[in-house]
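Chains as they are written, first to last, in this note's numbering: chain U, 1 to 259; chain F, 1 to 215.
It should be emphasised that the hints constitute simulated quantities derived from the structure, not laboratory data. In this text, a Cβ means the ideal position worked out from N, Cα and C, and glycines have one as well. Check before you lean on any hint, since a few could be wrong.
Computed list of chain F residues with no C-beta within reach of chain U, every gap over 10 Å [claimed, not checked]: (1) D13; (2) L36; (3) R123; (4) V126; (5) S161; (6) L187; (7) R209; (8) V210.
Output of the computed footprint for chain U on chain F, the stretches with three or more beta carbons under 8 Å from beta carbons of chain U [as the list claims (entries may be wrong)]: (9) 79-90; (10) 165-174.
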Amino acid sequence: MIGSLLSWLTDPANWSGSDGIPTRLLEHLTYALMTMVIAAAVALPLGLWIGHSGRMRWLVTATNAARAVPTLGLLFAASLLVGPVLKGDAAYLAPSIAVLVLLAVPPLLAGTYAGVEAVDPAARDAARGVGMTGWQVLRQVELPCALPLVMSGLRTAVLQVVATATIAAYIGLGGLGRYLVDGIALGDYPRAAGGALLVALLAIALEGLLALLQRRLVSPGLTGRGRRVGGSRNDDESVAAEANARTAVAPGGRPGTSS
Amino acid sequence: MDWLASNWRTVIDLAGQHLYLAGVPLLLGLLLSLPLGWLAKRWRGAYPAVVTTSGLLYTIPSLALFIIMPIVLGTKILDPVNVIVAMTVYTVALLARTVADGLISVPDHVEQAATAMGYRGLRRLVGVELPLAVPVIAAGLRVAAVSNVSIVSVASLVGVSQLGSLLVDGWRRIIWGELVTGIVACLVLALLLDGLILLGAKALTPWRRVAGGAA
């Protein structure tokens, strides 16, 4: 089985043309980028505003609860609703991207909101005390302090989008998911497995890249790099751990995913 | 509604399948996560390893994992075992860290008091540390349960039948009743599991109900 998988991966025919691996990979990345730009445009300002003002917190809870809706069902429902109305590529592209955005917004929103919310009130007060305006506090204190959680949300969202874009191949989207879906439909297991391997590698590579980016962006003063963090356990930590488990359980302290 | 009225038997059958495919991995994952979480607490050097490995496993998209499983396990592509193992992997990826965090959150002075009262080793772990970690572990378990129910529906794309089959069939034949039934049934199942875990956690932590539910 592994032999046929390797021969699929190394076959030069699979590395060129409109169904070639480079083309499919580029498609996958394009969908992910399109989705993330739209989702960030919605979720980042909204999350910053909710965290900064403390208003409309229910919105974060509501979007988190929506996680229980099966992504597959969302894709199919969107495809049936929008598909017949639009023509050509848009018939599958529009519903797919819409669902992808819908899935990318909750983790981004939760991460941004939780990040701003968790900023040390002393830091906020100090910033006000030195005469910063609300806007300056947000930009120069709250945003940098919130960055670790914002990035966690971003990483979760990207993984969710890469995973769901794969599934969206079933309703006609391009990208690497085509190999998995077509491979299964044709009973061509090496193709499905080859595609699966590529998708898994893509997800891991993106995760690694974003983790690196996070290390570069987040101020060393926040992460405790270069200074020892004491490992003392106390009652506060128990409360923190439970809150952490409830809102941001996914590995790496990311708000949970489900796809 | 018409569709549901004439097909409710199928829906019940598929819901049972779905519960099995999402529930068994939840239990297996919890059983595997307990020793892993304990290791991560006992040897602090193991903690980053547990966090990194689980993070990496969780990164793999579900459809890809379902398809890769036969290579790893040597099973057939249609074998439900693939789904069970893949879901267990996801559950462990979520829970191992949560269990570790839960155990680490037990205050030092409580552990010292337990030791002074004669609790040692496994007895202290099972009798004192685990019960105190229940709220944290339960919170993680609830997230795992809800996400498992959602992910299992994807298995219909590799031909393993459960509620996701309603989604695929409803979409293919454009039967809205079937598609909506599938979505709602998944939601109900997720809520049911979630509530069950919540109740279980409440029953296991009677001290949290007294004194106005402090902490």
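A quick look at each hint next to the structure:
Listed as a non-interface residue, D13/F keeps its Cβ farther than 10 Å from every Cβ of chain U; the least gap is roughly 18 Å. With a cut of 10 Å on Cβ distances, L36/F stays outside the contact zone with chain U, its closest approach being about 12 Å. Against the 10 Å criterion, R123/F stays outside the reach of chain U, whose nearest CB is about 20 Å from its own CB. At roughly 19 Å from the closest C-beta of chain U, the C-beta of V126/F stays outside 10 Å, upholding its exclusion from the interface.
A cut-off of 10 Å between C-beta atoms confirms that S161/F is not in contact with chain U; the least separation is 14 Å. Annotated as non-interface, L187/F brings its C-beta within 10 Å of a C-beta of chain U; the closest such distance is 6 Å. For R209/F, the condition that its CB be more than 10 Å from all CB atoms of chain U holds, with the nearest at approximately 16 Å. Look at V210/F: its CB is around 17 Å from the nearest CB on chain U, clear of 10 Å, so calling it non-interface holds up.
Judged by the Cβ-Cβ criterion of 8 Å, the segment 79-90 of chain F is not covered by chain U as claimed, because only 0 of its residues qualify and three are needed. Counting residues of the segment 165-174 of chain F whose CB lies closer than 8 Å to any CB of chain U gives 5, so the stated coverage by that chain holds, three being the minimum.
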